[in-house]
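With chain A fixed as given, assemble chain B onto it according to the hints.
Which chain is which? The protein sequence lines are A and B, in order.
When we follow the numbering used here, the leftmost residue of the first sequence carries the number 928, and every step to the right adds one.
When we follow the numbering used here, the leftmost residue of the second sequence carries the number 65, and every step to the right adds one.
A portion of the hints provided could be inaccurate.
[Said to hold, decoys possible] Label-pair distances were calculated between CB atoms; the ranges are:
1. B/Y95 / A/P1006: 45 to 51 Å
2. B/R124 / A/S1276: 39 to 45 Å
3. B/N112 / A/K1249: 34 to 40 Å
No lab work stands behind these hints, which were simulated from the structure alone.
A virtual CB, placed ideally from N, CA and C, is assigned to each residue, including glycine.
Now for the letters of each chain:
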Amino acid sequence: MTDSKPLTGGGLLFKVLEQHGVNHVFGYPGGAIMPIYDALVDSNVQHFLCRHEQGASFSAVGYARASGKIGVCMATSGPGATNLITGLADALADSIPMVAITGQVPTAAMGSDAFQETDIFGLSIACTKHSFQVSHVDELEKVLHQAFEIALEGRQGPVLVDIPKDVQTASVKQTFAAAEHLKNKVKLPLADISKALDLLTHAKQPILYVGGGVGMANAVDEVREFANKTGIPSVSTLKGLGALDTDNENYLGMLGMHGTKAANLAVHDCDLLIAVGARFDDRVTGKLDQFAPDAKVIHFDIDTAEINKRRAADAPILGDLKENLPLLTMSLNIKGWQAKIQQMKSDYSWRYDHPGENIFAPAVLKEVSELMPKNTCVTTDVGQHQMWAAQHINFDDPSNFLTSGSMGTMGFGLPAAIGAQISRPHDTVIAVSGDGSIMMNVQELATIKRYQIPVKIVLIDNAKLGMVRQWQDLFFDGRLSETDLSDNPDFCMLAQAFEIKAKQITKKSEVTAAINDMLDHDGPYLLQVKIDAKDNVWPLVPPNSANNEMMESA
Amino acid sequence: MNTATLNNYTLIIMTDDKQVVLERILQVTRYRGFLINGMTAKVNTGNNIATIELFVSSERPISLLTDQINKLVDIKSVKVDNNASMQNTA
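Excised from the complex, chain A in its bound form (with noise of 0.2 Å):
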């Protein structure tokens, strides 16, 4: 901004953003936005122009969860600020610190259905952790600052802020006023750590469940000690996966309906469950009364609407984990426990043992774990594909797995790809697609052809929407109902369109040199994996099961 130039609204926001250390923006422009994009021409802050707005707001995830800094994007107004809402919704579901900018036509003309006007402060209502319109630009420093605070403070989560165009160009004085703290707060209650001693140290078959709540609380360290000192065996929710050492004899994967039989079989069989920020989500719990029916409960968590919710706590523990957890970490005697779920991990481990050349994707995720570089940060969409990277590949930290967990949202996987790699230039970043997960937001390869973003897509392809497909074999009589994606593009042409080198593999023998060829790539690259379409994901806790009741095959 030259000193000749009056700050404006949409000048503020950018000197806003670059005191809160905002480096990167996703968005894309519009006419009720266009003073904010005429002020983003002088200021510090990189925009990366998405290709549809629901992208941006993935990528603002993406960046978010990644790096563990805040995702800011902007869209115009009407149909740009209802293209954020996916995203938005996806990141209050994932609790995803991210601050929305929309644009909104004139206050003058707020209300007249004006061209490209939609309600966004109404309809973020309950999609968003808080939101704001500015009604005059002097609000707008203030709302600002606010707007990061909570979308930061307790369980984190988005905040929209809806400025009128008015007042984007509204001549303004920044202030640089400390901003207003919160006044209203959630007050937590002092932990009180007494009962659930008097569990823990009463406890023969102590399970500890970690959601991801641990990386959010920035407690890895303090979970992996804990695991460690008191050799309680463990197990992860999908958003937990990377907090808890792989190697931990006593670690025993994934719970839940793509769970592996060990965490499901011991946390059935559990006299005690340590839940550590995780939320009894029904993925998780199956049929909710027979979800660990004989186990007391310790719930750490940082939100107190959580507890009790879902499942009755005997010992609830609000507040920071990290100072929470530390209270409760001491060596325990269950030799006995710690045997019995060593033979059972031993007993179910995972078998890739698969007849005939057709490629078997749980073994080509496994391969790619033990090839990618370390600190390799992956990204997936939404169905098989999914739950087989949630399986087999080894995750060393919660910010290395970003997957759609609450949400489930397809086509989340390529822009929050392109997020964590603007966000993290030095490390490699992979994500895994499927055929139809890859089409819901095909256009952010454009984003990647535009700033040659070096991401790595493994699109593990049976052309099927395989999830609903499996689930319409199991359950719905094998009646097969528009999962069919046999008329798919050609993949890698489509790849190549954007300037994206491509592969397909169709055998087991082309596997490991693939996924070297596309690693050693330094530019982005698609790897089709064609697989068979009626490979399954297994294990599978039906709908209205408990968790002891896997399907282990059709």
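Below, chain B without anything else, positioned relative to chain A:
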């Protein structure tokens, strides 16, 4: 909800008089499974604090709702008025 036992509750909510706070409370109440049977709302223009009395019913425990309303940024307090709350069978 033909045979479910509905419990009636009266909530007293104190909130900063901010944009769309009433819509947020009503959205959370509906989404979390509570029927709204009535309400009164008044703003004290001196301190810009609104007092909302919300009459709700549900088969779910009231803590599920109060915990969620409490999380709304502008809320100052949520109390269940035990004298006014009662149980009946719908």
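message = Taking the earlier hints as the rules, which of them does this structure contradict?
response = Violated: hint 1 alone.
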